[in-house]
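Asker: Each chain is listed here by its residues.
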Amino acid sequence: MITLQGIGKSFKVARRAAGLRQAAKALFVREYTVVEALRDITFRIGEGEIVGYIGPNGAGKSTSIKVMSGILVPDTGTCRVMGFTPWKERTAYVKNIGVVFGQRSQLWWDVPVIDSFRLLRDIYKIPAAEYASQLTLLTETLELGGLLQTPVRQLSLGQRMRCEIAASLLHGPRILFLDEPTIGLDAVSKLAVRQFIRTINREKGVTVILTTHDMSDIEALAGRILMIGKGTLLYDGTLSDLRGRFGSHRTVTVDYRENPRPLELPGAKPLSWTPERAVFRVDTGQVAIADVLARLSEQVELLDVAIEAKPVEELIVELYREHRI
Amino acid sequence: MRAYLSVWRLRFLQGMQYRTAALAGIATQLFFGLVFIMVYVAFYEQGSSGSNFPLQDLVSYVWLQQMFLTFIMLWFRDNEIFELITTGNIAYELCRPCGLYPFWFAKLIGQRLSSAALRCWPILAIVLFLPRPYRLSPPPSLAALALFAASLLVGLFVVVSVSMLLHLSVFWTLSPTGSTLMVSVAGEFFAGTVIPVPLMPAWLQRVCDFLPFRWAADFPFRVYSGQISTGEALWGIAAQLAWIAGLVAVGMLSLRRAMRRVVVQGG
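Protein chains in written order, with our numbering: chain A, 319 to 643; chain B, 4 to 270.
Honestly, I wouldn't trust all of these hints.
Claimed, not checked - One side of the interface only, derived from the structure: several residues of chain A facing chain B at Cβ under 7 Å: (1) Ser-387; (2) Leu-437; (3) Asp-440.
What the hints assert, rightly or not - Coverage of chain B stretches by chain A, computed from C-beta distances (three or more under 8 Å per stretch; other residues unrestricted): (4) 6 to 12; (5) 16 to 29; (6) 97 to 106.
Rather than coming from a laboratory, the hints here were simulated on the basis of the structure. None of these values were measured; they are calculated from a predicted model. By construction, the Cβ of each residue, glycine as well, lies at the ideal position given by its N, Cα and C atoms.
Could you build all of it, start to finish, from the sequences and the hints given here?
Answerer: Here it is, written out as structure tokens:
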């Protein structure tokens, strides 16, 4: 559905050192540095996938989204989305995609949401019946009922974001690009947005490309991760593969009835110990969790056990470190 | 086409919300109109009228200027479009299956039309009943009125096509302050909003003829009072249309150039 082949894009950035003298000099001679925002990006995304696109700030996530949505023309490489080259056949192409830029707004600030929706209906030439059914569907799943008649400036961020997402889906796009859709949202709104993304992916088969800094978004949604750093693609695979690569360790916390002797556990590294509680680090590559639990219950009377995998955040940081970004 | 009508309509409806601004505008325009007319009355009483522009026509000229101020002023602009360009929100507009030029054009027309619709009727109701010489006199014939309406509307398109160039300049300058201020001061002078064009020296009038600005303001207002005859008015409308064609062509071309090198600002 989406194919990128050797996409590269560089920007010219004017720069000067601090100070009056430098500022005066910059009046006559501008110094530019070339920043390579994207370098030889190649990947392929199939129909119906949800792909999490991650990377640190300035890695090139938004730039790639802009290339794929036809806003930005790359310097090198080819990009085909649904058989279109986005920036060449822009008008024909964009009918098929929906885009949400979490940090920007597409709704008209001073008028009720429904007016913005009507405008989009006319822009995309959505037939009346289709518009009505799509609007009903979106209103139900995103719980927009009371919001449509309210001017956008009086909506909370979470309410506005739900409306923004609805606005991007009115024309029933096959592909949805979400650039930080959960930025600044509270827990409830985040869950609602995620739930919705899952629903449209499952029921309508919409392909979703999602950038985010919130790893719980990725965990909840994305089967596949693309990681980009300093403009190059560093990782392309599933979250569980990533876990397997870095995250074979689990932290096991056990509470038990008072026991004066330290516990003996081969293959596990004790991190802390008190007569009522112990914490171990277990390498699941060496010892199975089941064995660890069996050993523990032989020695003490267990009250509570918690097993935690390394948080995705830490995995990502390790991945960044591995690639020195 | 429906998309452009729709954005025009939405912008119009949005503009109709700003009632307080309209009320303040009405008061300001009435005040300025009265002051201008007072000054001209004083001039004309001193016998310096020697021109071929009777006071009565001048009074209509001033009132029409005030009523349709938002049709003719170049500083009247859409800050949203500037913001779209400078902050990068244009990203959304570029994801739409429609042309950016007609889309913005329709938006600007809607904005000016809504402001004028809110302002012109109350002002009209007042100035029709002011004591002489401050009263707005009716046009000499129905033909003059019809031609006035037509030329005013076409003039609106002239102003907006100039204004589009101002908005587009922000792609290069990234700041709307300089380019709009310069062009609007010059443009409004040559449109006759500072000194009515008929009172300018002949050579300056010639200059005005060769600029687009007069065709949007001075021209329809003189059609109203019958200063410009029916035949001339038709030629004038042709000139307006020619200006629109030229300005729109330049605008679309520069937008295309801007698009080719566009960098959407911000992350």
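Asker: If a hint holds in the structure, say so; if it doesn't, say that too.
Answerer: A quick look at each hint next to the structure:
1. With a cut of 7 Å, the hint placing A/Ser-387 at the interface with chain B holds, because the nearest CB-to-CB distance is about 6 Å.
2. Among the interface hints, the one on A/Leu-437 holds; its C-beta lies about 5 Å from the nearest C-beta in chain B, closer than the 7 Å criterion.
3. Below 7 Å, beta-carbon pairs count as interface contacts, and A/Asp-440 has one with chain B at about 4 Å; its hint therefore holds.
4. Given as covered by chain A, the segment 6 to 12 of chain B passes the check, having 4 residues with a CB less than 8 Å from a CB of that chain where 3 are the minimum.
5. Coverage of the segment 16 to 29 of chain B by chain A holds. Counting CB-CB distances below 8 Å, 3 residues qualify, and the rule asks for three or more.
6. By the rule of at least three residues with a Cβ nearer than 8 Å to a Cβ of chain A, the coverage given for the segment 97 to 106 of chain B holds, with 6 such residues.
The structure shown violates none of the earlier numbered hints.
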